[in-house]
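**Student:** One letter stands for each residue in the lines below.
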Amino acid sequence: MELFLMAITTGVMVGSIYALVALGWVLIYKCSGVLNLAMGEMTLIGAYVSLSFYSMGIPFLLALLFSLIIGLILGILTERIFLDKLIGKPVLTVIMVTVGLSFFFKGMVELIWGTDTRVFTPPVFSIEPIHIGPVIVGQAYLWSFVAAIILLIVFVCFFKYTRWGLAMQATADDEMAALSLGVSARFVYAASWAIAFMAAGVGGTLLGNINGLNISVGYLGLLVLPAVVLGGLNSIPGAIVGGIAIGILQNLCGTYLDKYFLGGVKEVAPFVFMVIFLLFKPHGLWGWERIERV
Amino acid sequence: MSNEKMILKINNIEVKYHEVILVIKGVSIEVPKGGIVTLLGANGAGKSTILKAISGLLRHEDGEVTDGSIEFMGRRIDKLGAEKIAKMGIVQVIEGRRVFEHLTVEENLKVGAHMKKYGRSVKDGLEMVYNYFPRLKEKRSEIAGFISGGEQQMTVVGRALMTSPEMILLDEPSMGLAPLLIHEIFNIITKLNQEENISILLVEQNAKLALNVAPYAYVMENGRIVMDDTAEKLRENPDIKDFYLGITDIGRRKSFRDVKHYKRRKRWLT
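Quick mapping for you: the protein sequence lines, in order, are chains A and B.
When the first sequence is numbered by our numbering, its final residue is 322 and no position is left out of the sequence of numbers.
When the second sequence is numbered by our numbering, its final residue is 275 and no position is left out of the sequence of numbers.
Bound-form chain B, shown alone (with noise of 0.2 Å):
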């Protein structure tokens, strides 16, 4: 991949939490202008964190990033605030659903729009919206709190684009949803990415359907990348599809394949 295409670069950083637990380290990650890049791996891998430490919310964890550097759109964003790294174009879409709970659907989604001035902007912003999830026009005038999950989820990632993102990180999108809402919201992601431009780079669990949107894709355990490469090829590596995709060759005796697979597993980790 060349280096003007990337929107998002990502050099070699070190993350700490209360200045002492550090807990990413060495991570690179570039994503491509226009593109969709997936980051998987396990609970507790630091994926997460590495979303925070782009869109700057770590500093309100007490994290920081201590080594190495974050570049958007070519300028160094790892000293700037959350609001600053907002206004340029990159909105985090934080895991679990977090709406405005006491607001209307509506009025999450102004509060997106909030850097813009009211007017004209908005009212476009919200059709646009709408288009995407008319779900959401039917429950407008809803509190946000009491809708459903899936309806959460939609506000939520109307709320970031509402902000007429540039980039949007998105952190598990799919987390407690029924299978037919999860695909819903994902194709709703692609068509985001190729009809706005948007750039994406998605945090999932669910590593097949994340390597079904996304073309590229990196792996992290225990706060680094231990691979990265394009989704097709990580579809066929015997190792993701061990330990991610939860398919295993038929035929071979369990037993064996147990005693291998933490060995393998080991191996790979250190």
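Excised from the complex, chain A in its bound form (with noise of 0.2 Å):
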């Protein structure tokens, strides 16, 4: 009991983490329709510039700061660069070119950062585990989830009480009504790469917390799609939830099925879930379908 208590807070807190890259990556597809096969080395980026910072001496939550602004740069920067010019070209050659992208970020950080593992030091969370109840959870683990969560606060108030979120969320639905209002959609676009960059960049930072950082953490863009197609592609509640039911999972395979195989269950499991749920539901929980009305 302990042990399914154990994976599911871990799977939880690693889960907030994802939520946030999803929300990001919701985001950009949702306000543009560029399905974006860059996230995972735009995590990367994020990860690496905090850490640069944090070397540097600066304390952690001013290099997270710091890493928050270089990511809103970069995230302006790559769509003004990249995806400006492409605004109603057809759906593949955009996705070509966020692959693209995605091997000319992770060629930029191996060339910048090299490929060994780095880890913060030292180390910003203490390696004393904090108990819950009957539950063991790692301090890097609960400060990771608590920073997800307010971030992820921040960002759905930001949509629903602000101006600029109000219009992102109006482009999203229709572009040329919204337009027709004088919302610009380039300011939509360009915000969308900011944001998602943004909390790509958090969520690297905290996942390289966890597990020291190297290449491999950019494969956390890939354990985005599992959980937005789970959420609904285009569904901000849709990917937090994902995000969350992906670590549950992930942690809760890992804990009981390792043993049986050779391991590495917990990096197959969300593909073979995601295979499995788009049999089913292939709109996700809370994708749009379109409404109509009865």
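In short, the hints are calculated from the structure, not lab data.
Treat the hints with care, as some may be off.
So the derived label-pair ranges between C-beta atoms look like this [stated by the list, open to error]:
(1) Lys92(B) with Val163(A): 34 to 40 Å
(2) Met124(A) with Lys10(B): 50 to 56 Å
(3) Asn227(B) with Val119(A): 32 to 38 Å
Think of the CB as a built atom: it goes at the ideal place given N, C-alpha and C, for glycine as much as any other residue.
Build the complex: two chains, separate frames, hints provided.
**Tutor:** And the structure:
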């Protein structure tokens, strides 16, 4: 029972990080219809940026803030340089560009930071575990969870209560109508990339704190796919629930099934699940089908 | 009509889609400040294209004004983007009640106020809209995708109103609505024109209704203006009566009229 609770708790906590990255992914998809396959590499870049700042002796929170700002700038640049010209081009073209971007980003990371595993030194979170009732959790997990939740709340409030957030939602709903009201589509696209880059950066930083940082953190980008497929490609709440669900699923499978196989079930399980899930609910839990009035 | 009083002047424009498909040929339209002008015509005549050319949404569909000019309050706007044109005070209500389906009614309206700073002006705007459309106030927190068609049309017009426009381009506000609702919406449109002094360019299929609301009308066929006159004169025009108002002189023999109708219409178009 304790083992089960542990798996669930850890799952929720790691899952909240996935949720954060998934939110960024969904935002780009919702606002500009771009299926972004470079998300993992965006995570990497953000993580390495905050690691660099942290290694310079800047306090962790400040380093995280700097990486947010750099994420914002990189997001806008990426959209302006690579995707702005592709508006209205076939979907496949745009997807291929994001694949290209993912290689480009990965190459840049290897060029600048090398391929060795790096860790945050000194460790940001103490390794002393915390007891919550019968469950023991690492501090890194717990604080990551807190940070991810805070950021998720900030983003959701941004969409719900600011005019820019509303404009982004409106554009996602009906771009033409939004344009007719003077909403700038270019702003919305740039903002969605900027937010995605920021979310990815924080997600990467948190994961880097848990496992150490190397290129493999970028595979998180792939994990985002099962999460968003579960939630529905264009649902923000769906992305959050999907991310957490995938985190739980991963940890449960890792805990109970790993011993029957050669290992690695943790990595495969989300994708097996995604395929099975797609068979039954291709729109995900909260994905949009167009609203039909009855 | 004298020149200074015109808020919108379209001079001899030509519109092409995808750089080859010529859909509008030499169209000129003028809208007086604070006036209502209607643009009549059958399906595919190019009425919506004209509105999109004015609002700049044309470019979004890979169309372009290739000749002529569009002037709004003395400034040329045919080369500007949709966003800039909206900021100058032209708002288009796209045909087909395009509400933001997943937002609530009030959020829909707030998007209309997007260009303003949040605060007092948005509240005033909301109040004004709810004043004109009391029904929207009741439905304010409902998801716009699920309200009735008439309410959606009200939301869309209200949303346009939130931008505090100088001019509204209305594309078929009557489409698919019950006659009573159409009546209500047209009443409000007239009221908006009179009380808020908003100039209106109205595109309609329902010619009878449009000629009641607008004192001046243009008739379009195949991408050209074929006639323009005051509503009174157009209502009396036998061709308009026949083609658009569906009124025929009683007593004539039908077969004879049908032949004549065809010939007359053909002559009219060329």
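**Student:** Each hint needs a verdict: does it hold in this structure or not?
**Tutor:** Here is what the structure says about each hint:
no. : hint                                 : verdict
1   : Lys92(B) with Val163(A): 34 to 40 Å  : 56 Å, violated
2   : Met124(A) with Lys10(B): 50 to 56 Å  : 54 Å, holds
3   : Asn227(B) with Val119(A): 32 to 38 Å : 35 Å, holds
Violated hints amount to a single one, hint 1; each of the other numbered hints is respected by the structure.
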